[in-house]
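Undergrad: Here is what each chain is made of, one letter per residue.
2 protein chains.
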Amino acid sequence: MEAKLTELKARLQEVNDLDMAGAVLGWDQATYMPPGGAEARGRQMATLGRLSHEKFTSDEVGQLLEDLKGYEAGRPYDANDAGLIRVTRREYERRVKVPAAWVGRFAEHSAASYQAWTVARPANDFAAVRPNLEKTLDLSRELANYFPGYQHIADPLIDFSDYGMKAESVRALFAELRAALRPIMQAITAHPPADDSCLMQVYPEAAQLAFGAEIIKAYGYDFNRGRQDKTHHPFMTKFSLGDVRITTRVKEHDLAEALFSTLHEAGHAMYEQGIDRAYEGTPLANGTSAGVHESQSRLWENVVGRSRALWQHFYPKLQAAFPQQLSGVPLETFYRAINKVQKSLIRTDADEVTYNLHVMLRLDFELDMLDGKLAVRDLPEAWHERYDSDLGVTAPNDSDGVLQDVHWFAGTIGGAFQGYTLGNILGAQFYAAALKARPEIPDEVAQGQFGTLHGWLTEKVYQPGSKYTAAEVVERATGGPLAIGPYISYLRNKYGELYEL
Amino acid sequence: MEAKLTELKARLQEVNDLDMAGAVLGWDQATYMPPGGAEARGRQMATLGRLSHEKFTSDEVGQLLEDLKGYEAGRPYDANDAGLIRVTRREYERRVKVPAAWVGRFAEHSAASYQAWTVARPANDFAAVRPNLEKTLDLSRELANYFPGYQHIADPLIDFSDYGMKAESVRALFAELRAALRPIMQAITAHPPADDSCLMQVYPEAAQLAFGAEIIKAYGYDFNRGRQDKTHHPFMTKFSLGDVRITTRVKEHDLAEALFSTLHEAGHAMYEQGIDRAYEGTPLANGTSAGVHESQSRLWENVVGRSRALWQHFYPKLQAAFPQQLSGVPLETFYRAINKVQKSLIRTDADEVTYNLHVMLRLDFELDMLDGKLAVRDLPEAWHERYDSDLGVTAPNDSDGVLQDVHWFAGTIGGAFQGYTLGNILGAQFYAAALKARPEIPDEVAQGQFGTLHGWLTEKVYQPGSKYTAAEVVERATGGPLAIGPYISYLRNKYGELYEL
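As they're listed, the protein sequences go chains A and B.
End of the first sequence = 501 in the working numbering, gap-free, step of one.
End of the second sequence = 501 in the working numbering, gap-free, step of one.
Because the hints were derived from the structure by calculation, they are not lab data.
Among these hints, one or two may not hold up.
Just so you know, same-sequence chains aren't split out, so a pair can sit in one copy or run between any two.
Claimed, not checked - With a straight-line Cα cutoff of 30 Å, these simulated BS3-like cross-link-like pairs (lysine-lysine) come out: (1) K55 to K9; (2) K230 to K217; (3) K55 to K69; (4) K135 to K9.
Just so we're clear, the structure is a prediction, and the values are computed from it rather than from any experiment.
Sequences are here, hints too, so could you generate the full structure?
TA: Given below as structure tokens:
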């Protein structure tokens with residue numbers, strides 16, 4: 001049995017090598033690749049994706065998993081080997097249903113779509129990418145239909161990113177959250193919005209990047225096992241547990257853009273950097289779900305990154321880095337600026353209260369497009385209407401409307417967005433549990449020290465990688481299931497104090 | 001038959017996708033990869049190399065080549081399809097002799113060696129990489145021994161890079177060249193060396209890179225299908241015919257370092273960018289040999305790049321870019337500085353006359369190591385002795401001795417260096433032929449125009465890719481076989497004028 005396990009690991013390692021090579025190609029495409037490289041790059045990524053898929057779903061892997069059933073059953077649930085076989089089987093049973101040809105076609109299509117989007121967004125040209133998006137919808141439906149028996153056609157796609165969730169359960173959770181958020185939003189927006197003009201001065205790019213790097217180094221992001229580059233739409237990517245990179249985009253007239261995207265992506269990256277190195281090259285060496293992943297980006301971006309405690313330590317340093325811009329701006333003004341709550345157009349720039357409204361409407365659009373209630377050609381208009389009704393704002397164009405997010409241009413329609421709100425909920429829930437276990441955390445944060453928090457998260461969330469499901473991680477870390485209570489309490493406390501609600 | 005050819009092309013495309021993905025990983029390793037990424041990167045590149053090798057040497061490809069023999073025979077030698085089958089068969093028959101396991105082991109070893117070299121060179125620590133180099137020697141011998149029947153064990157390795165050449169033929173050519181160079185070197189070194197202190201001022205990095213980019217843009221290097229990044233040891237790499245990148249290293253106290261390495265790598269890159277796009281994804285879409293490749297880097301770096309004509313146009317621009325450093329330096333001083341001939345320590349910095357001495361001793365070391373006359377442990381000492389006897393200089397350390405070149409730390413021992421001197425010879429030979437066909441070239445160069453030269457080279461050398469062998473390319477472009485005459489004439493004319501010999 002040991003020999004079969006060794007063989008399984010060798011096969012998984014080969015699959016992982018192909019996947020990580022594909023990730024390098026994707027990173028290069030999004031950071032440094034010249035325009036002329038685009039055409040071949042799509043095909044190259046498709047080939048790698050197809051070969052990885054063929055190798056992972058081979059009969060040999062299926063047989064090894066079959067042969068290892070007894071071995072797995074004879075070991076504790078928590079044992080690494082048992083976890084490896086269990087998680088690999090789950091992935092195998094899922095992926096074996098998808099033909100390699102689909103994987104290749106989708107990878108090539110995604111690369112082309114992404115490339116088209118990078119041109120179409122600045123040009124405000126939805127028409128140019130409409131065919132891409134229509135094909136994405138077709139391919140997404142095709143994918144879902146390899147998993148017959150679903151209740152909603154989005155279910156398999158949601159399950160890919162957030163194992164165990166379905167359209168119905170996400171909708172129910174979102175309805176509960178929307179109801180709880182409404183009074184908080186109403187109370188806040190009854191006040192005039194905070195003045196964030198201090199953020200909207202000229203901040204030179206290099207100094208912005210250096211300052212963001214200083215904070216995430218203090219957080220615990222390891223630059224020896226990562227780096228930061230510029231891109232169109234910030235993301236985290238991993239080429240091994242020893243090479244977990246982040247990207248950002250910089251606006252010289254908006255300090256918040258690069259700064260908080262840096263903290264956000266560093267949260268994702270610390271999760272991956274914190275996974276047990278023994279899992280390298282296996283399906284365990286990944287974050288366990290989109291929601292848990294996003295909990296870490298939102299925790300480090302918002303719960304910690306927009307806290308008064310953190311800025312008590314870092315604001316004097318920020319003032320020193322930008323004396324001309326900030327020496328006359330008190331901490332309180334800055335703190336209120338970075339926590340300004342206002343219904344707005346752009347999801348990634350949204351405050352942590354209204355952010356979920358952006359996610360909820362995207363989820364609805366995904367579900368409606370997948371089940372045929374909404375055609376791609378009607379999406380831009382539907383987008384503007386829904387922003388108007390939900391957020392009271394209308395984008396002057398599609399660039400800041402339906403073209404604002406990369407997701408549907410680089411992945412499936414379905415499963416792309418629910419993780420963001422799950423992350424908001426879970427980020428607060430994990431942080432509350434960390435605080436209960438280690439009440440000294442806020443004082444440490446106020447001194448620019450993050451070791452206790454980072455250590456607790458590493459032990460409870462990062463280290464196990466995918467060995468446990470999202471539900472299991474939440475249970476083990478917080479003692480209960482996913483719940484919106486801590487998130488709502490967090491918002492009430494923070495904004496209650498800010499707005500004297 | 002058309003169907004079989006289509007299938008062959010599809011298989012070659014898949015192999016090419018894997019190879020190009022491997023090239024992206026190599027480029028990233030040499031430019032941006034953080035230290036923590038090294039371990040997995042070696043394995044990833046090995047996996048890609050092994051898979052590519054397995055797919056290229058598969059029975060199916062062998063059978064297709066067999067089936068296509070009649071098709072090939074029925075088509076003219078110059079036809080693209082005939083060339084594709086011919087060149088693929090040659091490569092297949094070569095690679096099928098090498099086990100995939102060797103390819104994987106060598107790729108992983110090379111990545112580790114390269115990483116070790118990037119640390120050992122600045123640390124002057126030959127001992128740290130000696131085991132790597134010993135293993136490289138073993139693996140190189142292993143590779144050669146998959147091709148029994150050679151006269152010298154280096155023959156198969158030389159043939160890989162410069163098809164049709166052998167240790168004996170290279171040695172004979174080098175002996176002829178050495179004899180012809182001797183009187184030129186003696187005549188030049190009887191004069192005091194040129195004063196190159198104008199190059200050894202402080203030149204800020206960004207301005208250096210911008211100026212180099214300006215020249216290569218004028219040459220015809222297409223930045224829409226390429227880019228330039230920094231690295232330890234400059235190289236050109238290709239991810240498709242639409243993405244051909246160059247790298248350089250910058251010394252702020254030496255203007256020549258980045259400038260001429262930029263012109264050099266751009267020469268390589270223009271060759272690849274100029275290949276017929278119809279060959280994309282096939283073995284035809286490569287430069288045909290190391291020697292012909294190097295002829296282009298040396299032609300654009302030296303024959304054009306260090307010509308008085310070019311600097312008549314660009315020197316005023318260089319002075320404008322660096323007024324503080326150069327406004328008081330006459331063109332003639334600068335021209336003499338960049339053409340200073342002096343026996344020196346570092347191959348890549350060597351002038352175009354003494355450069356070949358650096359290559360010749362490396363070839364001898366390769367031959368001696370491969371046939372057991374020289375042990376790796378004795379190499380540093382042998383290196384110092386040979387530099388003393390051939391060039392009259394001794395490096396104060398191994399960093400500028402045996403550790404100066406990346407080649408043996410990233411590829412085989414054997415076949416790594418002869419192409420440089422072949423390139424010097426061929427660069428002058430191609431340029432002489434171009435001048436004969438298009439006598440207006442020097443006048444155009446003096447006006448910063450390179451279209452006629454670039455066009456002639458594209459037609460004669462670049463466009464055919466690997467469809468013709470090096471010998472065929474030389475014959476077609478110059479009307480005769482490789483010959484040292486034009487190179488010797490070029491040196492005599494240029495340095496005769498400079499030193500009034």
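Undergrad: Could you run down the list of hints and mark each one as holding or not?
TA: Going through the hints against the structure:
1. Taking identical chains as interchangeable, the C-alpha atoms of K55 and K9 lie at most 30 Å apart whether they share a chain (12 Å) or sit on different chains (22 Å).
2. Within a single copy, K230 and K217 get their C-alpha atoms as close as 18 Å, and across copies as close as 24 Å, so both meet the 30 Å cut-off.
3. For the homomeric pair K55 and K69, the shortest alpha-carbon distance inside one copy (20 Å) is at most 30 Å, but the shortest distance between copies (33 Å) is not.
4. In this assembly of identical chains, K135 and K9 lie within 30 Å of each other by CA distance solely across copies; the values are 27 Å between and 36 Å within a copy.
Of the numbered hints listed earlier, not one is contradicted by the structure.
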